[in-house]
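*Asks:* What follows is the residue order along each chain.
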Amino acid sequence: MPTEAPSDGDLCRAFLAGDRQAFGVLVGRYQLPVFAVVRRFASTPEEAKDLTQRAFLQAFEAAQRTLPKLIATAGEVPFKAWVLRIAVNLGKNQARDGARWPLAPVETIDETASSRPQALEALEKAEAEALTRKAVERLPPRQREVFSLRIDAGLPFAEVAEVLGISEGNAKSHFHYAVKRLRDEVRALSATPGGEGP
Amino acid sequence: MTCDDIEGRLIEGDSSAEVNEHLAGCAACRAFADELGVLTAPVSLSAADRAALASLEADTWKAWQQRQARARPSWFGYAAAAACGALVASAGFWTARPVREVVVERVVEAPALVAEAEEPNLGPDEVFFEVTWPDFPEGETP
Ligand SMILES: [Zn+2]
Numbered sequence: 004m005p006t007e008a009p010s011d012g013d014l015c016r017a018f019l020a021g022d023r024q025a026f027g028v029l030v031g032r033y034q035l036p037v038f039a040v041v042r043r044f045a046s047t048p049e050e051a052k053d054l055t056q057r058a059f060l061q062a063f064e065a066a067q068r069t070l071p072k073l074i075a076t077a078g079e080v081p082f083k084a085w086v087l088r089i090a091v092n093l094g095k096n097q098a099r100d101g102a103r104w105p106l107a108p109v110e111t112i113d114e115t116a117s118s119r120p121q122a123l124e125a126l127e128k129a130e131a132e133a134l135t136r137k138a139v140e141r142l143p144p145r146q147r148e149v150f151s152l153r154i155d156a157g158l159p160f161a162e163v164a165e166v167l168g169i170s171e172g173n174a175k176s177h178f179h180y181a182v183k184r185l186r187d188e189v190r191a192l193s194a195t196p197g198g199e200g201p
Numbered sequence: 007m008t009c010d011d012i013e014g015r016l017i018e019g020d021s022s023a024e025v026n027e028h029l030a031g032c033a034a035c036r037a038f039a040d041e042l043g044v045l046t047a048p049v050s051l052s053a054a055d056r057a058a059l060a061s062l063e064a065d066t067w068k069a070w071q072q073r074q075a076r077a078r079p080s081w082f083g084y085a086a087a088a089a090c091g092a093l094v095a096s097a098g099f100w101t102a103r104p105v106r107e108v109v110v111e112r113v114v115e116a117p118a119l120v121a122e123a124e125e126p127n128l129g130p131d132e133v134f135f136e137v138t139w140p141d142f143p144e145g146e147t148p
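Just so you know, the sequences run in chain order A and B. Be aware that the first sequence starts at 4, since it is given in my numbering, and climbs by one per residue. Be aware that the second sequence starts at 7, since it is given in my numbering, and climbs by one per residue.
To be clear, the hints were calculated from the coordinates, so they are not data collected in a lab. Keep in mind that a hint or two might mislead.
[Claimed, not checked] Now the in silico label distances, taken between C-beta atoms and shown as ranges:
hint	chain 1	residue 1	chain 2	residue 2	range
1	A	P159	B	A75	37 to 43 Å
2	B	A77	A	D187	44 to 50 Å
3	A	R99	B	T8	36 to 42 Å
4	B	A37	A	Q67	50 to 56 Å
Remember, predicted model here, so these are calculated numbers, not experimental data. Beta carbons are placed, not taken as given, at the ideal position from N, Cα and C, and that holds for glycine.
Using the sequences plus the hints, can you model the full thing?
*Replies:* Have a look at this one:
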């Protein structure tokens, strides 16, 4: 009989009671979506790692602050929503502080470029990615948050809404606007020499 | 369903039979679907990103332990903190005192300083008097 995976609440309670393994399971469970969200705003992998680490530390501190309530109740702990909300905020600050990201991760091109057509395809993909990144940077903050949670963290709209404390309809609406705006921006950037907009 | 409806459903990630059927017969929506695929591609993670992720858990655990150690200092830590606090408080007291004295000195000695500054042309036998308006009792103004 397969054993059910422990809930985030169980893991938080176990970790705060001193279970080192529970910490590892929680980090392992969400490190990829958190890293992906902050990666869009970080200029280097190290910076993204630092932001991811900070997001987890702040989320664990939030769990620690609500410790008495956590122990008293068997209720669910929105750890995923906490850590992603923090990641989005850290990413937003990073973008606001004027950090700029490189056009494309070079390793991505090298890994896939085993033949000339593939190399060209990878280059086009990298260019398209770079243009999209620039366009995402120009989105209004809320649209950017929704976009990143939906695309980078891969969350369904209901969870995007939970993380941001908005309705699901609202999340969908922001995403629609974001995509349409991105399309216009990318078209404008592609038409501009060097891909630089105003 | 119109092309606008299909665009909306594609944006929301709908890949139902109905949407696919429309795509099969509509070049414009197929083009939009392709464009959408590019626009909504997640940031691709490089080998360096994956390397950073590989050590994330262990490093985060270390950072957590350090934070906890800072948040809950040992008895030695408490004693050191208390000593530091006392030192800072006394330093604050001694650095604050002269500032207060300076303020007081300025108030008390300001007229003398002003007089000194304003008497450069007086000879040794001349006396500088500060001219002020005399106080007249009410009703006796000249
Ligand atoms: Zn159509």
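*Asks:* Take a look at whether the Cβ-Cβ distance between A37 (chain B) and Q67 (chain A) falls inside 50 to 56 Å.
*Replies:* 51 Å, holds
*Asks:* Okay, P159 (chain A) versus A75 (chain B) on CB: inside 37 to 43 Å?
*Replies:* 39 Å, holds
*Asks:* Falls inside 36 to 42 Å, the C-beta gap from R99 (chain A) to T8 (chain B)?
*Replies:* 39 Å, holds
*Asks:* Honestly, do A77 (chain B) and D187 (chain A) meet the 44 to 50 Å range at C-beta?
*Replies:* 48 Å, holds
This entry satisfies every hint, going by the numbered hints stated previously.
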